[in-house]
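With the hints as constraints, model all of the structure from the sequences given.
Number of protein chains: 2
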Amino acid sequence: MLRLKSSDPDFARTFARLVKDRRESDPDIARDVQTIIDDVRLRGDEALAEYTERFDGHLPADDGWRIPAEDCREAFENLAPDLRAALELAAQRIRDYHRAQLPEDRDYTDEAGLRLGAKWRAVDGAGLYVPGGRAAYPSSLLMNAIPAKVAGVERLVVTTPTPKGVVNPLVLAAAHLAGVDEIWRVGGAQAVAALAHGTRRIRPVDVITGPGNAWVAEAKRQLYGVVGIDMVAGPSEILVIADGKNDPVWIAADLLSQAEHDPLAQSILITDDAAFADQVADAVGVEIAMLPTAKVAKASWDAYGTIIVVDSLDEAPALANALAAEHVEIATDDPDAIFAGIRHAGSVFLGRHTPEAIGDYVAGPNHVLPTGRRARFASGLSVLDFMKRTSFIAVPESALGAVGPAAIALADAEGLAAHARSIELRLGL
Amino acid sequence: MLRLKSSDPDFARTFARLVKDRRESDPDIARDVQTIIDDVRLRGDEALAEYTERFDGHLPADDGWRIPAEDCREAFENLAPDLRAALELAAQRIRDYHRAQLPEDRDYTDEAGLRLGAKWRAVDGAGLYVPGGRAAYPSSLLMNAIPAKVAGVERLVVTTPTPKGVVNPLVLAAAHLAGVDEIWRVGGAQAVAALAHGTRRIRPVDVITGPGNAWVAEAKRQLYGVVGIDMVAGPSEILVIADGKNDPVWIAADLLSQAEHDPLAQSILITDDAAFADQVADAVGVEIAMLPTAKVAKASWDAYGTIIVVDSLDEAPALANALAAEHVEIATDDPDAIFAGIRHAGSVFLGRHTPEAIGDYVAGPNHVLPTGRRARFASGLSVLDFMKRTSFIAVPESALGAVGPAAIALADAEGLAAHARSIELRLGL
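Keeping their order, the protein sequence lines are chains A and B. Just so you know, we're using full-length UniProt numbering here: the first sequence kicks off at 1 and counts up by one. Just so you know, we're using full-length UniProt numbering here: the second sequence kicks off at 1 and counts up by one.
Each hint should be verified, as a subset may be incorrect.
Repeated chains share a single entry, so a pair holds when one copy, or any two copies, can fit it.
Claimed, not checked - Taking lysine to any residue pairs in the SDA-like style, the calculated list, with each CA pair at most 20 Å apart, reads:
1. K298 to V286
2. K119 to A337
3. K20 to L2
4. K119 to R3
5. K298 to G415
6. K119 to G152
7. K245 to G428
8. K164 to P292
9. K119 to L384
10. K20 to G44
No wet-lab data here; the hints were simulated from the structure. All of these numbers come straight from a predicted model, not from anything done at the bench.
Okay, structure coming up:
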């Protein structure tokens with residue numbers, strides 16, 4: 001854990017290093033991923049089978065690659081009642097929040113007489129990557145699948161690794177609840193390549209979303225342009241801005257809720273109370289010991305955990321903007337005062353009773369958020385990631401005279417004679 | 001030029017090849033571009049200087065890299081009056097169309113008592129690539145710069161190559177009109193790398209947009225994730241859907257207005273009238289001969305031009321959706337009937353008096369559009385490319401009981417103990 005004070009003479013330099021510190025990207029991964037993508041593109045299902053056997057330790061039978069819809073329904077029906085109710089509440093709240101994101105079409109005629117507009121349509125097919133193993137989260141499935149379905153995507157394909165052949169019944173249950181159309185037992189960069197380029201078994205999709213490990217993230221990055229992707233995802237991070245009036249144990253739990261995700265996750269506390277900082281640091285130590293996820297949480301906290309003591313929380317927005325964190329918690333009496341100064345963040349959690357974990361599951365806004373300072377330019381997942389806009393223009397004969405000559409002048413200036421000619425002909429010039 | 005009939009027995013196969021045909025992507029380019037990016041990241045301005053000298057044939061003096069704002073104002077003031085008026089009309093219409101794209105923030109309290117919402121903010125800095133040489137288009141500058149400024153971007157940086165040191169006064173004039181903040185004499189992959197990673201002279205930006213050659217497009221693709229980008233851009237294409245009642249010369253001019261952009265551009269005509277198809281083919285031959293851009297247009301038309309004769313224009317939407325073309329012209333009496341069936345297109349031009357060139361300059365909608373079948377999942381440039389959304393959640397103490405237990409159940413099911421604990425503590429569990 002790193003401890004900083006904003007009044008220290010070399011704080012600016014140390015903080016800049018913290019901001020620049022990238023917990024991702026390995027050139028060896030990039031090469032490996034490219035090899036896998038090329039291989040899947042050329043050899044299709046054969047390559048998929050080899051990689052699945054190698055990385056997941058099992059090889060499905062020819063007819064065992066796709067998990068039947070029946071298995072998903074069964075998994076859903078076999079859920080414990082409280083868990084089923086929890087999933088249903090989450091799905092309903094996510095659906096409600098994302099429905100309001102649906103963009104409106106435009107179609108109007110302007111003063112010059114031109115009809116202009118734009119219409120939004122869903123992509124035909126979307127692929128959702130659902131991690132296996134440590135990170136096989138039904139909540140991630142809901143957060144990806146529901147916006148796609150709300151957007152109107154007709155073919156929703158999930159790929160998920162099933163190490164040693166073991167499926168996660170919770171993921172299947174969530175897939176049933178969200179209305180996923182296909183689920184395939186394949187993971188890693190090879191799954192992303194199959195979704196993008198298609199194989200004989202798996203038809204290609206137009207957009208691929210969903211979190212994954214470094215290989216998955218790199219595969220999405222490399223295939224961007226062949227398909228749309230949500231965002232390059234890296235390890236998670238949380239920034240907690242808290243005054244000394246919080247319960248240090250609550251704040252410690254919040255920091256650890258990020259740390260327990262991934263040894264590369266980062267938890268940062270900014271506080272204006274040095275004694276409170278000590279209490280939180282102590283509480284983290286106590287809390288970690290009680291966690292079944294202690295090993296991961298401790299690795300993350302030891303390597304990347306950071307506590308910054310500032311003279312005043314007025315300093316917090318500027319620091320938060322430089323960090324552009326995925327999650328920002330503001331645990332003060334008037335969180336909006338600080339929030340007003342925050343320009344770059346994936347999602348913000350306001351007030352002492354809004355732990356980030358609420359947003360992971362049931363609040364409604366998406367938990368797929370930009371990491372690694374990408375909140376400077378990127379947004380959380382939304383229905384827009386599964387839609388695209390077609391603009392349109394209609395010029396009635398009577399209106400061409402109002403805008404045509406200007407277009408001709410510009411086309412001539414750019415040396416594009418056929419552009420000019422296509423308008424001149426219609427104006428009888 | 002390729003000529004197809006949809007009733008031919010092997011049409012499906014030939015058309016599938018047309019759809020799959022990629023006029024881009026060269027693995028050698030990818031490697032070259034990666035070398036350039038790495039070099040600029042490590043050696044900064046020194047590398048920029050070397051590449052600029054090598055590719056643009058000139059080396060600016062230390063204080064000559066940035067083009068002064070004064071030069072831009074002067075270029076604007078020296079424009080011929082009709083050209084100045086044309087640029088101003090274009091800028092105004094682009095501004096009007098894009099202003100209506102500004103998204104609304106959300107902030108509401110739902111039935112469960114949770115306050116939820118999202119706020120949109122512009123990125124801090126945007127970089128606009130403006131091609132030099134053959135494609136030094138002031139219209140491109142307006143189409144990129146105006147949405148950025150409408151979005152609220154405070155620092156708008158243009159990079160543009162100035163081969164042999166020659167600047168394009170029209171580009172400078174457009175930069176003045178659009179309110180660009182910095183213009184640098186640098187192009188190619190090296191300019192994109194400088195914008196993304198920053199150098200001592202050029203501070204980094206958060207988003208890079210703008211068209212460019214294959215090197216620029218590949219550099220943007222590789223740097224996606226370090227910065228946001230608009231879209232991977234490839235060679236342009238137009239699909240004209242026209243019945244036999246059009247003037248074949250008009251349609252020929254429209255096809256050539258795409259072909260004259262780039263030897264790799266593609267122009268496709270779909271018509272239900274075989275005699276009209278012949279007339280258009282003949283007219284293309286006649287028109288090409290008159291064009292100062294004949295060499296480029298002929299190369300494109302010979303290599304990629306395609307005429308598809310269908311039995312009925314009812315077949316057109318399905319073919320158009322498979323092609324997912326950047327530009328689609330519908331030259332019929334009732335273009336909306338065909339448009340209703342089109343799901344995938346960058347921009348659509350409705351009616352006999354709406355040549356695509358109108359949209360390139362003065363209509364208002366953006367002319368930076370997805371190419372190479374990417375309209376399946378991507379949209380034209382908009383203010384959203386320069387903005388990002390921060391979601392937020394505030395749970396009052398009184399509302400945590402309504403959603404907290406469901407979140408705890410899900411966290412437990414996912415094995416994330418600290419997530420559950422952060423909520424349990426607040427609920428006194």
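Hint numbers the structure violates, sorted upward? 4, 8
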